[in-house]
Amino acid sequence: MTTNPLREGLSAERVPLPCTMVIFGASGDLTKRKLVPALYSLARDRLLGSPFNVVGVARRPSSHEDFRAAMRESTNTFARRRPVEDALWESFSQGIFYSQGEFGDPDGYARLKAFLDKLDEERGTAGNRIYYLSTPPAEYPKIVQHLGQAGLINKERTGPYTRVIIEKPFGHDLASAQALNKDVLGILREDQTFRIDHYLGKETVQNILAFRFANALWEPLWNGKYVDHVQLTVAEAIGVEGRGGYFESAGILRDMVQNHMFQFLCLTAMEPPVAFEADAVRDEKLKVLRSLRPLPSDPADLERHVVRGQYGPGAVAGQARIGYREEKGVAPDSSVETYVAMNFFIDNWRWAGVPFYLRAGKAMPKRVTEIAIYFKKPPVTLFRRSAGRLQAEPNVLTLRIQPDEGISLKFFSKVPGPTMDVMPVPMEFRYGTSFGAEPPEAYERLLLDCMLGDGTLFTRGDEVEASWTWIDRITRAWSAGAKPYFPNYESGSWGPDEADLLIARDGRTWRRP
Amino acid sequence: MSAAKEGGDLEAFRRGDAQPVSPQRIESELTSLWQKAAQPGRPLTRACLWNLIVYAGMSDGARKYIKGVVDEISVPARAIVVHADVNLPETPIKAWVEANWKGHAGSDEVTLEATGVNATRVASLVRSLLVPDAPTALLSLDSLPHIDDPLLAEVDRVIIDTRRLSSEDGLAELARLATAEPALEVMDLAWLGVRPLREMCSSLFDPPTDPSVLGALDLVEVVSGIVGTQTRALLMLGWLSSRLGWQEHRRQTGADGRRRWLARRPDGGQVTIELSTRRDGEHGVTACILGSGDRRWSLTRDTVITVACPDLPARVQPARSHSDGELATRALGALGRDPVYRDALAGAVQLLGALT
Chain W
1 MTTNPLREGL SAERVPLPCT MVIFGASGDL TKRKLVPALY SLARDRLLGS
51 PFNVVGVARR PSSHEDFRAA MRESTNTFAR RRPVEDALWE SFSQGIFYSQ
101 GEFGDPDGYA RLKAFLDKLD EERGTAGNRI YYLSTPPAEY PKIVQHLGQA
151 GLINKERTGP YTRVIIEKPF GHDLASAQAL NKDVLGILRE DQTFRIDHYL
201 GKETVQNILA FRFANALWEP LWNGKYVDHV QLTVAEAIGV EGRGGYFESA
251 GILRDMVQNH MFQFLCLTAM EPPVAFEADA VRDEKLKVLR SLRPLPSDPA
301 DLERHVVRGQ YGPGAVAGQA RIGYREEKGV APDSSVETYV AMNFFIDNWR
351 WAGVPFYLRA GKAMPKRVTE IAIYFKKPPV TLFRRSAGRL QAEPNVLTLR
401 IQPDEGISLK FFSKVPGPTM DVMPVPMEFR YGTSFGAEPP EAYERLLLDC
451 MLGDGTLFTR GDEVEASWTW IDRITRAWSA GAKPYFPNYE SGSWGPDEAD
501 LLIARDGRTW RRP
Chain A
1 MSAAKEGGDL EAFRRGDAQP VSPQRIESEL TSLWQKAAQP GRPLTRACLW
51 NLIVYAGMSD GARKYIKGVV DEISVPARAI VVHADVNLPE TPIKAWVEAN
101 WKGHAGSDEV TLEATGVNAT RVASLVRSLL VPDAPTALLS LDSLPHIDDP
151 LLAEVDRVII DTRRLSSEDG LAELARLATA EPALEVMDLA WLGVRPLREM
201 CSSLFDPPTD PSVLGALDLV EVVSGIVGTQ TRALLMLGWL SSRLGWQEHR
251 RQTGADGRRR WLARRPDGGQ VTIELSTRRD GEHGVTACIL GSGDRRWSLT
301 RDTVITVACP DLPARVQPAR SHSDGELATR ALGALGRDPV YRDALAGAVQ
351 LLGALT
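For the protein sequence lines, the chains are W and A, in the order given. Counting in our numbering, the first sequence runs from 1 upward without gaps. Counting in our numbering, the second sequence runs from 1 upward without gaps.
If we strip away everything but chain A, and leave its shape as in the complex, we get (with noise of 0.2 Å):
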């Protein structure tokens, strides 16, 4: 953020840097900032397509990522972004406002900084500054917001990425956010990553394959490309769980570092569940292999993804990585809805709160 003189310095404004402006004239001087930009004969567009109330963190790693973050969504939006920590000696709320240019359309950026008790009241000014029919996301990517946060009232959308979290214990606060606020769309960044090999996962079980097999899987195995908390693998075990109805799981213990676990299907078998490491360079999930008897059909995700099932020609399909800009972009589109979240998470937390 570049601070220019306070009152709004056109210029800049139409480079896209940031103004700082009184908190109690953010949107009169937005207003006024948009009408001087816009020259006789040079008229803007000022879209929005959303109201996008983003956290973040106060340190200047945290504010470099989100802004990139923003900056990146494709999305016309006004964000309002806020830097607040209530542990911090306690000073004025400041503001600064900004264009964020495409190509000739612009949206809003409005940054709050408030700390101290002032953090607590930054809430009230972000609802103010809401743009009236237009949907309300809350990016939220370093944590979860608090069940008990007051803008999740005015909130649609809440956009988090669990991959950022620091336990996978956060899938279980998650899922208690979801069960609290059961009209709240949910859209993680790290669900959103594993779509494309969700969809290539069931692709193994489209015609000629007969989908009863999946009835029938005793075992399930996913491999992850990192140590440490891993969350997207474990969505995608819950994912699979949920959708083929498997019950009363139960943990392993096994001496080969894999994380194992026991499940019963709706016909009275059992599947077993297991969660692998590759530690080679590839992020994420790295292969996805089902079992039934003998049978296998695999995923395996390398500099392509190598999608494999008995009696048919394997095929391959390109692996794309995806910039946490781009994902939160798809976050706010109508494809980022996904009734079936809901349930992998429960699936997730499922696996994780397993007994022995």
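So that you can see chain W by itself, here it is in the shape it has in the complex (with noise of 0.2 Å):
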């Protein structure tokens, strides 16, 4: 009997093997808001590994139960399920530990092993290892290095396993990225690396792929045949809320488009894989990627494809806002864009001659993500009294990644009455309210995936670099351009004018989400 019988038709049937989780970083945000909440979830819905431990490693003096009464607090605090259960609790800590140690002594790597391999023989978690980077990246390298020498990391396919999560960004331009990945794929396997977007482990983000893949009636549709446009959105209503440092030197091109957004768009436009399987999902991501029809570098043809916008002072939701350029840590003179609006095309048989547009942006008028599928218009307008209405609203299908999940599906339909009106009305799905279940948070999906070595939805290397090859070519045109002239669009407003001129060139008009 190699396999445990009585896990047939359980909901999991497969669960991860017991194991460590080092989180470098432990003191951070992440580590409070999502990660410890998220592994309690898994706890409390049984479906971690047992044993199971995580060990908090960060520069600052704390103890094991020091640390256990912070992650208790922030669970309570952060996680889907509050107040935290008495008795899980206590079951669930006695596999959390602390960890101090500075990111480059090789001495701390070593008293780390020693009490990693002093659990495993304690607790018998057998020596599988999570290490999750919740570190600045530039301590990505050293720390990956530092675990290579201190003897623990395996990289063999046999005996315990380690994998090593690393958050966003994976760098900072296509040199930079190859950098990262040549130094982490030095020490690790590709398949023991889980780049982390936590988009994809929303569940709306995977219900793309069941939409497009579960369902026969979309997919003679979904193509330049039937499709007149695609309109990505991802709008923030919160500017860099004390990010600034960071964002400065980002700005949401490659804060929030080279990842988040290109995940939708592959996830959107990506060919059916062969197989629901980590390879076959992401062989078909970088399809797309290296599909992407490269934007012109010169600077101002560039702008014929692409606006870039930074808010200015203004109101959201009623409330006053700043500028980014009165937030801390901006350069009063910052030309970092804020918003981001472009149209480009894929070049394959699938999508060819349709035009994709993006847009991304902070201080906007609501938060809102979501992709909207245009499809063409009726080739003759039968309807002679809406016939301006059939012209100018097309069918639209819309899938909401967030908030208010769900999918809508604008269509006409005859107004009660004696004459031939024709109406738009929507056919709404809504993912909080149609299976009556709460959905995991993205982190609970990911983690778990790793523990189980399911790599389909973390970002491979290959789709990293191919990504960032078409974002540096719009970088790079920036920065032999003309400096923007800055702000250009209200806190609370859609983004710039020439956004809506970059899409009205075409004869179309953004959604007001």
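Rather than coming from a laboratory, the hints here were simulated on the basis of the structure. Careful, some of the hints might be misleading.
Listed next, the in silico DSBU-like pairs over lysine-lysine satisfying Cα-Cα at most 30 Å (straight line) [what the hints assert, rightly or not]:
(1) A:LYS102 <-> W:LYS414
(2) W:LYS182 <-> W:LYS287
(3) A:LYS102 <-> W:LYS410
(4) W:LYS410 <-> A:LYS36
(5) W:LYS366 <-> A:LYS102
(6) W:LYS414 <-> A:LYS36
All values reported here derive from a predicted model rather than from experimental measurement.
Fit chain to chain and form the complex, with the hints in mind.
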């Protein structure tokens, strides 16, 4: 008997092996707000392997007890199901430990190794390790190098497993992404490397795949013959919220488009994979990225395809908001973009001739992430009384990622009455109400997948490099061109006027989500 | 059910109160009430993901119980509640309609009452009320549907509760029904209730424990917190027995009040199966102990469930109980399907039918 026959028919037919998750940067917000609450929720749902340990590593001194107490408090605040249950926490927290260490100190890694070996022996975690790098990106190569040197990584396919989770950003441009991949893949195999983009852990993002490939209805329509254009929107009502220093070195193109938005784009535009398996899915995503038509490198030509903006003072949802240049850590003459809109094409058979419009912005009127598929209009207008409306408003399929997750299809219906008037009506599916079940947090799904060794919802190194290759052309052209005239949109608006012109030139308009 | 005047009292409908209607006018009356309830500028959502035929007794207690369960089901469904008794004096079929509101969305509920010969005619009325293209479930919690029930042909899923059977023999009757209707999905609230325990029991043999130890178990003991009909405990034992391939069950006579069987493992070894009771207030399965030689794996339910296995730290899981309405909701979900149930049921029936 090599597998557990009692598992058959249960919701978790695969369960993770016992393991220890070591979190570097354990004193940071991510550990408190997301990681430990997600692990607690997994324990509550009986999805963790047993035994399971969490070891927090950070520079500041602390004890196991203090770390447990801090984690309990934050779990009580941020876990999906609150408050924490005493008995469950008591049991779960027996596997929580703290280890103080500098990320560049070899002795610290030797101490960590001795401690992890002791835990394996005492708690039966069998040497399986996940290292979660929740540190500034500059620390990633150093930590991975030290882990390797200290004998904390097993690169072999036999014996206990080692996996490393890396938080975005994966590089700052193509060269730095390649350097990071080289450093990491010198120590680890690609399938041990889990580049995490938490958007991919959202149920609604995964539902793009289910919607497309579990319904035969859509696939025949999902191409340039029936689709007029596609709009992808990620709008945030907040500004940089204290992350001005980081944002100054990133901008929204790097912070949002290169990772999250390209992942949506790939899931929306990819071909059906041969299997729902990590490399099969990621191969298809990579093909999309490689099919993106390069944008012009000349700054003036680029402006017809990419508009950038920066928010000035204004008001969002009735609250006054300062401009980006007034934010803490931001240069008073900053040229960093907080908004970007672009149009581009995917040069493959499916999408030939279909424009994709993408926009991402901060200090927008509201928080919304969505993908809208605009279908072509009827070739002949039979209903003359409504001809204008039929020509102006096509059928639109909207995949709402957040908030109010769901899917909406706008189609035309006859208005009750003696005349043949038609008007658009929405057909709505809402995630929050249709299943009567609470979806797991993105990190719960992704951490569980990593424990199971399933990289489908993680980004592969070649995907990262392909996306940077395309993005780099934009940033290079921006660097070569004139300094932008910023700020150019008011907080609480939908972005600069140039963005409206960008889509209006094609005879279209942005959605008002 | 608070009756209002026949013909449709709109306010009562908006409140979710039952309205008497002519059985021949149920569909048109519902349509009319919904249209009137949706005022200009205030559209409503009339939702239906399932047809839910509900069999319920005629007594006040049975009516109250089933009303509570149906009201608690959170999946939008057209519920058709049938109170029928062929043994009572014949009266005309009576019908009521109402809306089950969940926020701004509501679902239809139709109640039918029929006695005497009309009780045999009510199936034709139910058939006419089924919403096309929605799957159909039959909820029959107080008794098992008869194998010749004319509505079974319309049904995709039967939801029963073997905890409410008056005798454990009902498990054999259910197994016969399941065999006669192989395509029918059978959901048992008793089985859904022990699912967390099954998950925890399975977790005892996940890595690092070598699952091959399951092939060498020589003892399994399930402790039930109730006396009388112990279907949950029997299903748990039937599940273990079927998953682990135990055969040739023989009943043992014990003087200690325990029910005991011997069975043969696939490797030819012998396993002792015990079912005992603990009457201290906890209901359902309160413990499950599995042994091989002197090694023991156990689940013990108290205010929490303690999961213990050799050589590893014990852990604790919350012990939760679910209302029948919650379990019925789960039985209507995708997770409600469980291919292992029929095997567990057959295993339980095997235990009950074992000779000494």
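Results for each hint:
1. A:LYS102 <-> W:LYS414: With a Cα-Cα distance of about 28 Å, the restraint between LYS102 of chain A and LYS414 of chain W holds, given a limit of 30 Å.
2. W:LYS182 <-> W:LYS287: holds (22 Å)
3. A:LYS102 <-> W:LYS410: holds (25 Å)
4. W:LYS410 <-> A:LYS36: holds (25 Å)
5. W:LYS366 <-> A:LYS102: holds (28 Å)
6. W:LYS414 <-> A:LYS36: Within the cut-off at roughly 20 Å; holds.
Checked against the numbered hints given earlier, this structure breaks none of them.
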